[in-house]
Amino acid sequence: MLDMQHISKVYRSDLVETHALRDFSLTVHAGEFVAVTGPSGSGKTTFLNVAGLLETFHTGRYLLDGSDVSKLSDDERSRLRNEKIGFIFQGFNLIPDLDIYDNVDVPLRYRRMNRAERHERITSALELVGLASRMHHMPSQLSGGQQQRAAIARALAGDPKFLLADEPTGNLDSLMARQVLDLLEQINEMGTTIIMVTHDLELARRAHRNVHIVDGQISDFRAYEPLPEAVAAAGTIGR
Amino acid sequence: MLGYYLRLALLSFRRNPGLTALMVVAIGVGIGVCVVSLTVFHTMSGNPIWWKSDRLFAVTMDSWDANIPADPERPQLPPDQLTYRDATYLHRSGIPQRSVIMYRSGGVVSVPGGADPRPRPATARVTTRDFFAMFEVPFKYGGTWNTAADESLEPVIVLTDPMNQKLFGGENSVGRTLRWNDREFRVIGVTAPWEARPRYYDLNNGHFDPPEDVFIPWGAAIALDLDSAGSTNCWKSEDLSTREAFLNSECVWIQMWVELPDAESRARMQSYMDAYWAQQRAGGRFPRPRNNRLTNVDQWLVDQRVVSNDNRVLVGLAFAFLAVCLINTVGLLLAKFLNAAPIAGIRRALGASRRALFAQHFIEVGVVAAAGALLGLGLGALGLYAVRILYTSENPNRAGYEALGHFDVVSILWAAALAVIAAVAAGLYPAWRIGRVEPAVYLKNQ
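Chains as they are written, first to last, in the working numbering: chain S, 106 to 344; chain C, 17 to 462.
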């Protein structure tokens, strides 16, 4: 479970003080698929960065899967991020001089897994996203949709509990966007909690619930409804 | 993770080959210049018998002109050699554990009835029997002469290993006969390869010259009037027309060393010299103030300017140059690392800690520094070769300077140490800096 209570995040420069999140509270339960919407500059990405432990916050409390992240060192936060969180970005963020196999390998390296286990996880993640045959292609040799699927494979290889997606279809045409969203839904059905920031209200409607952020605060959200038992009990991938 | 980081370093080099080459060259040139200056400095300043430095003393007395010191630039120092009569008198003191008087001579050597009977020029060190024990010269065959040979004519000779190679093909020549000038000598010993660099026991004919070709006992040399082929300095206007007159002159041409194992023997030797000085002064000699010295090897090398101030300045300049190279490398590394900051941001998002990123980038710097050290060694070898050419261009026979053209273990250790220093100095800040990047900034901008 991801539980944020009264979080605030302020960016300060010499002249300006920007409140990116104010008194922000949100609880995301295991297995949920939450879409976060809001206008540009509303704080969606800041929320995702704080949730993904990429940024710290100033006040409030954040429990990630039971751990109070404000008390963790950089090493502990990195380990938590590595083990529990997968990221998907609008720009894919694949490392250009590593092939797809090695890109998917990156988070597993920081977990210090042995070669055999890493290989098994990489191949099963790439099979899941349909890129097993392209594992030794360089990112530049793939289409945008394939690159995003490779990024999803990388996020899933570590078998995270949470998948944080920032505009995952923003750089894709509608057909590829639909394919990626289908894939995300499939992953969610397998038990991974997904939080997706998007501008696209049509995509957002496919989530279990929507959270709308304006000026760093939640202005509207659909209440949490427990998942059907069958979905909640579904296994995870990569094992 | 080390293997993984090394692989990432190689990938990074492929990404920016020009920049990487520039860094390697910058570090390599800096290390190369340092290695050259440090190797030359080490070769010149090293005490080749450091383990006996506190026991071995050069004996000097200021017998020079009342008005003009032996070395006007350093008037506090006595001449670096002794007169014949002072040396032979002090040598008979019986105080030191070992005492050696000696000079350099030269002649023509041949092996009658040998495979190559042609006479060839050779250098000789005329010395007393303790020379080999005092300066720890090892023997390959045979040994030194007896005490009697220091006092009277005994036609025996010790060859160095190279001369034994030339005359006898390297075989055990002990007992064989050779001709030195017009006199036959019996070989009683052959030294094993040995060389003192710098040649501290006689610095007059090149600090780094190799040892003489043969060793001739003092008694034989004096009896046969073997002239000095080394340095002879005279200040007094006096008759030098006969051998006898020369031996009794104020000319200095004899080197003297003593081995004094403790403070008590040093004090006794000093008193002996001072008493002799007083006696001679009363007889009209030693017009200058008393300046009788027992100088240990370390101080001797300093006094005789084996390491000139120029060398020290050069070492300083070399390090300054390395510092400039490293500052440039820091700039290049910063540019390279920060250019790749978005990738570092991705790695942070995927679970890399600051420590992991620091390690990754520091290892990359380490590889650059190691490559720079290898290049530096190559450039250093070229530099040392150039130094050797430079030193020997005026006098091709100054073979001792060949040592400067070769690396020794110390040079390689210096290169390794400099590589570590370079890696730490140039890489610490950029690697730390990249570890502090805010991943969110770069992830958004990707």
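Note that these hints are calculated values from the structure, not bench results. Some clues are possibly wrong.
What the hints assert, rightly or not - Chain S regions said to be covered by chain C (calculated; three or more residues, Cβ under 8 angstroms): (1) 149 to 162; (2) 184 to 190; (3) 211 to 218.
To be verified - Estimated spans, in silico, between C-beta atoms of each pair: (4) Ser145(S) / Tyr20(C): 46 to 54 angstroms; (5) Asp179(S) / Arg31(C): 23 to 31 angstroms; (6) Met243(S) / Tyr20(C): 51 to 59 angstroms; (7) Val457(C) / His242(S): 22 to 30 angstroms.
To be verified - Computed, partial: chain S to chain C, Cβ under 10 angstroms: (8) Gly171; (9) Asp173; (10) Ser175; (11) Asp179; (12) Gly196; (13) Asn198; (14) Ile200; (15) Asp202; (16) Leu203; (17) Tyr206; (18) Gly263; (19) Asp271; (20) Asp278; (21) Gly296.
Where a beta carbon is used, it is the ideal one built from N, C-alpha and C, also for glycine.
To see whether the hints hold, each was checked on the structure:
For the stretch 149 to 162 of chain S, the assignment as covered by chain C holds, since 5 residues bring a beta-carbon within under 8 angstroms of that chain's beta-carbons and 3 suffice. Coverage of the stretch 184 to 190 of chain S by chain C holds in this model, with 4 residues showing a Cβ closer than 8 angstroms to a Cβ of that chain against a need of three. As drawn, the stretch 211 to 218 of chain S meets chain C at 6 residues by the rule of a beta-carbon pair under 8 angstroms; at three or more, the given contact holds. In this structure the supplied range 46 to 54 angstroms is violated for Ser145(S) paired with Tyr20(C), their Cβ-Cβ distance being about 39 angstroms.
Checking the proposed 23 to 31 angstroms range against Asp179(S) and Arg31(C) shows it holds: the Cβ atoms sit about 27 angstroms from each other. The supplied range of 51 to 59 angstroms is broken by Met243(S) and Tyr20(C), whose beta-carbon atoms lie about 19 angstroms from each other. For the pair Val457(C) and His242(S), the supplied restraint of 22 to 30 angstroms holds, since their beta-carbon distance comes to about 29 angstroms. The interface hint given for Gly171(S) is broken, as the beta carbon of that residue sits about 19 angstroms from the closest beta carbon of chain C, more than 10 angstroms.
About 19 angstroms separates the beta-carbon of Asp173(S) from the nearest beta-carbon of chain C, more than 10 angstroms, and the hint is not met. For Ser175(S), the shortest C-beta to C-beta distance to chain C is roughly 17 angstroms, which exceeds 10 angstroms, and the interface hint is violated. Because the closest C-beta pair between Asp179(S) and chain C is about 5 angstroms apart, less than 10 angstroms, the hint holds. For Gly196(S), the shortest C-beta to C-beta distance to chain C is roughly 4 angstroms, which falls under 10 angstroms, so the interface hint holds.
Look at Asn198(S): its Cβ gets to within about 5 angstroms of chain C, closer than 10 angstroms, so that hint holds up. Hint on Ile200(S) holds. Least Cβ distance to chain C is approximately 6 angstroms, under the 10 angstroms limit. Given the 10 angstroms rule on beta carbons, the hint for Asp202(S) holds: about 5 angstroms separates it from the nearest Cβ of chain C. The beta carbon of Leu203(S) is positioned within 10 angstroms of a beta carbon in chain C (closest approach about 7 angstroms), and the interface hint is therefore held.
Interface restraint check: Tyr206(S) against chain C, minimum CB-CB distance 13 angstroms, threshold 10 angstroms, status violated. Because the closest C-beta pair between Gly263(S) and chain C is about 8 angstroms apart, less than 10 angstroms, the hint holds. Residue-level restraint check for Asp271(S) holds (minimum Cβ-Cβ distance to chain C is 8 angstroms; threshold 10 angstroms). Contact between Asp278(S) and chain C, as hinted, is not supported at the beta carbon level, the nearest pair being about 20 angstroms apart and thus beyond 10 angstroms.
Nearest Cβ of chain C to the Cβ of Gly296(S): about 21 angstroms, over the 10 angstroms cut. The hint is violated.
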